[in-house]
Amino acid sequence: MSTQRTLSITDKLYRDRYKVDEDSHLWIKDTKMCLKCPFDFACIRVCPTDVYKWEENKITITYDACVECGACRIACYDVGWKNPKGGFGISYKYG
Amino acid sequence: MTEKFDSVVVGAGPAGIAAAYTMAKAGLSVLVLEKGEKPGTKNMFGGVIFRHHTEKLAPEFWTTAPIERHVVEYQYWFLSKQSHVLLSHRNQKFNGQYNAFTVHRAKFDPWFAKRAEDAGAVIINRTTADNVLKENGKIVGVTTERGDVLADVVIAADGVNSMLAKQAGLRPETPEAATVLAVKEVIALPKQKIEDRFNLGPDEGVAALLVGFGPGMHAGFMYTNRDTLSVGIGVNMKDLDESKRRPNDVLEQFKAHPSIAPLIKDGELKEYSAHLIPEGGYDYVSNVSTDGMLVAGDAAMLVNAINWEGTNLAMTSGILAGETVIRAKKNGGFSSRNLSTYRQQLENSFVLKDLKKYRYIPKFFEANPHFFVEYPDMLNELFYMWHVVDDELKADRIKRMKGYLLKRRSRLSLLKDAYHMWRLFS
Numbered sequence: 000m001s002t003q004r005t006l007s008i009t010d011k012l013y014r015d016r017y018k019v020d021e022d023s024h025l026w027i028k029d030t031k032m033c034l035k036c037p038f039d040f041a042c043i044r045v046c047p048t049d050v051y052k053w054e055e056n057k058i059t060i061t062y063d064a065c066v067e068c069g070a071c072r073i074a075c076y077d078v079g080w081k082n083p084k085g086g087f088g089i090s091y092k093y094g
Numbered sequence: 000m001t002e003k004f005d006s007v008v009v010g011a012g013p014a015g016i017a018a019a020y021t022m023a024k025a026g027l028s029v030l031v032l033e034k035g036e037k038p039g040t041k042n043m044f045g046g047v048i049f050r051h052h053t054e055k056l057a058p059e060f061w062t063t064a065p066i067e068r069h070v071v072e073y074q075y076w077f078l079s080k081q082s083h084v085l086l087s088h089r090n091q092k093f094n095g096q097y098n099a100f101t102v103h104r105a106k107f108d109p110w111f112a113k114r115a116e117d118a119g120a121v122i123i124n125r126t127t128a129d130n131v132l133k134e135n136g137k138i139v140g141v142t143t144e145r146g147d148v149l150a151d152v153v154i155a156a157d158g159v160n161s162m163l164a165k166q167a168g169l170r171p172e173t174p175e176a177a178t179v180l181a182v183k184e185v186i187a188l189p190k191q192k193i194e195d196r197f198n199l200g201p202d203e204g205v206a207a208l209l210v211g212f213g214p215g216m217h218a219g220f221m222y223t224n225r226d227t228l229s230v231g232i233g234v235n236m237k238d239l240d241e242s243k244r245r246p247n248d249v250l251e252q253f254k255a256h257p258s259i260a261p262l263i264k265d266g267e268l269k270e271y272s273a274h275l276i277p278e279g280g281y282d283y284v285s286n287v288s289t290d291g292m293l294v295a296g297d298a299a300m301l302v303n304a305i306n307w308e309g310t311n312l313a314m315t316s317g318i319l320a321g322e323t324v325i326r327a328k329k330n331g332g333f334s335s336r337n338l339s340t341y342r343q344q345l346e347n348s349f350v351l352k353d354l355k356k357y358r359y360i361p362k363f364f365e366a367n368p369h370f371f372v373e374y375p376d377m378l379n380e381l382f383y384m385w386h387v388v389d390d391e392l393k394a395d396r397i398k399r400m401k402g403y404l405l406k407r408r409s410r411l412s413l414l415k416d417a418y419h420m421w422r423l424f425s
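In the order they appear, the protein sequences are chains R and L. Per numbering that gives the first Met the number 0, the first sequence starts with residue 0, numbered consecutively. Per numbering that gives the first Met the number 0, the second sequence starts with residue 0, numbered consecutively.
Next comes chain R alone, as it looks inside the complex (with noise of 0.2 Å):
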């Protein structure tokens, strides 16, 4: 129907402002049990912007794609899960 171009979470994110820190506001509580991982890697499934990812064994993370949504947290207790200080991280010229 539409001619609309799909674009890709990146491209999307690109339209995003941010202001990244330098220390990531998200971790892996315990790194151990994403290897025998329960929720077959909700963290992954449910961010809407790609922040984590299984490299090499372990989780990865993009901290500063995360938008702040908090649905890893809620998909996986074992998600760290802080606001980034004050002034980092998404800010919404819209919202």
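Treat the hints as calculated values from the structure; they're not laboratory data. Since the structure is predicted, the reported quantities are computational estimates derived from the model, not experimental observations. The reader is advised that the hints may include incorrect statements.
[Claimed, not checked] If you only want the chain R side, here are some residues facing chain L, beta carbon under 8 Å, derived:
id, residue
1, Thr5
2, Leu12
3, Tyr17
4, Val19
5, Ser23
6, Ile27
7, Lys28
8, Ala41
9, Arg44
10, Pro47
11, Val66
12, Glu67
13, Lys84
14, Gly86
15, Ile89
16, Ser90
Note that the Cβ used here is the ideal one computed from N, Cα and C, for glycine as well.
Starting from the known structure of chain R, arrange chain L on it as the hints suggest.
Relative to the frame of chain R, chain L by itself:
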């Protein structure tokens, strides 16, 4: 920052600003901490702000506030793979007495926050409240990267992911089933195109809810702004997890629907955003008060998913929290007993009365996803059958439609569903 305030409000969203404004206007010393660069920059919604409740804090706000459009039409779309049935209510009364406004939160929230500032509240941006500060078991303030802030009462209006409510022990970890993940795009289109496509006058707007495009509890939404559209999906987190679908894929599938695609065609993506919505209802509302702290808005899980209401519950809970602090100060004490009257105020207001009324609905829909999947599909098929013109006799057609209906759902389950709907809403 070791100065002590009557109240420190965490979060400059609708709940926090309502609380701050209420208290500052009564002469209390109020500090608002906002983690974003300015109010609204961390906020997104698929939604509107409501005239009735917003006016309690800012009479005739639409004359000066950065609003987008006032809603004159509410649309309910029932989608099937390549069709839709649309139920829509447009009313000129919404042009006379405004009901709701579409806004961009990054523009509206700073304006709203300015109201609290003008009333005397101090707003500090770029400051995250990391934890509650306790003394002898009582909350006496919050810690921030800039130092501790002391206050008689902390009002946690820090949103759906409220770290403070959790740290204070007021809210357990939220179950997946009680939250919805919303993913939204702001899509720019020329103003005239929006008005043509949605059949709107210059300031008029549409709020649309769409169901029937997912394997479970998926809902889509569309809101018309001045020269952008807010288009997104909301998927129950449990449903998303179990279906193993990716949020962005659900959004793209929704946008590609043949009934939706023409409405957003040639639009330019301006922003991609995501947020959780606490839609669990009454049974998931957090404890809202403890010694030295109150919780308001999304942080307390105050959202009415049935009527698409949230900002008004946030504002009202903020006002009630603010009034509780004012009363406690007057009565000479911020004891947990004085602060616990806040819960009663919420119970007496529409906030918890409405959620209580709908108490069993979220669980009902969770257990009966066919309302979101099968019924919209059936509705489309029945409309299609009704409208196809061929040689079939109408007596045969009606029989065939009845047959189709009963093949998809038994007479008993249809009756049961009708009965349950009646019971849930009455």
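Structure-based check of each hint:
1. Because the closest C-beta pair between threonine 5 of chain R and chain L is about 6 Å apart, less than 8 Å, the hint holds.
2. Satisfaction of the interface hint for leucine 12 of chain R is found here, the shortest Cβ-Cβ separation to chain L being roughly 6 Å, below the 8 Å cut-off.
3. About 11 Å separates the beta-carbon of tyrosine 17 of chain R from the nearest beta-carbon of chain L, more than 8 Å, and the hint is not met.
4. For valine 19 of chain R, the interface hint is violated, since its Cβ never comes within 8 Å of a Cβ in chain L; the closest pair sits about 13 Å apart.
5. A cut of 8 Å between beta carbons decides the hint on serine 23 of chain R: the least distance to chain L is about 14 Å, and the hint is violated.
6. A hinted interface residue such as isoleucine 27 of chain R counts as satisfied when its beta carbon comes closer than 8 Å to some beta carbon of chain L; here the least separation is about 17 Å, so the hint is violated.
7. With a cut of 8 Å, the hint placing lysine 28 of chain R at the interface with chain L is violated, because the nearest CB-to-CB distance is about 13 Å.
8. Evaluation of the alanine 41 of chain R hint against chain L yields a held restraint, the C-beta minimum of about 6 Å falling below 8 Å.
9. Checking arginine 44 of chain R against chain L by beta carbon gives a least distance of about 6 Å; that is within 8 Å, so the hint holds.
10. Hint on proline 47 of chain R holds. Least Cβ distance to chain L is approximately 4 Å, under the 8 Å limit.
11. Annotation: valine 66 of chain R was flagged as interfacial toward chain L, and the flag holds, the nearest CB pair being 5 Å apart, inside 8 Å.
12. With a cut of 8 Å, the hint placing glutamate 67 of chain R at the interface with chain L holds, because the nearest CB-to-CB distance is about 7 Å.
13. At its closest, the beta carbon of lysine 84 of chain R sits 6 Å from a beta carbon of chain L; the interface hint therefore holds under the 8 Å criterion.
14. Among the interface hints, the one on glycine 86 of chain R holds; its C-beta lies about 3 Å from the nearest C-beta in chain L, closer than the 8 Å criterion.
15. Checking isoleucine 89 of chain R against chain L: minimum C-beta separation of about 7 Å stays under 8 Å; hint holds.
16. For the restraint placing serine 90 of chain R at the interface with chain L, the shortest Cβ-Cβ distance is roughly 4 Å, inside the 8 Å limit, so the hint holds.
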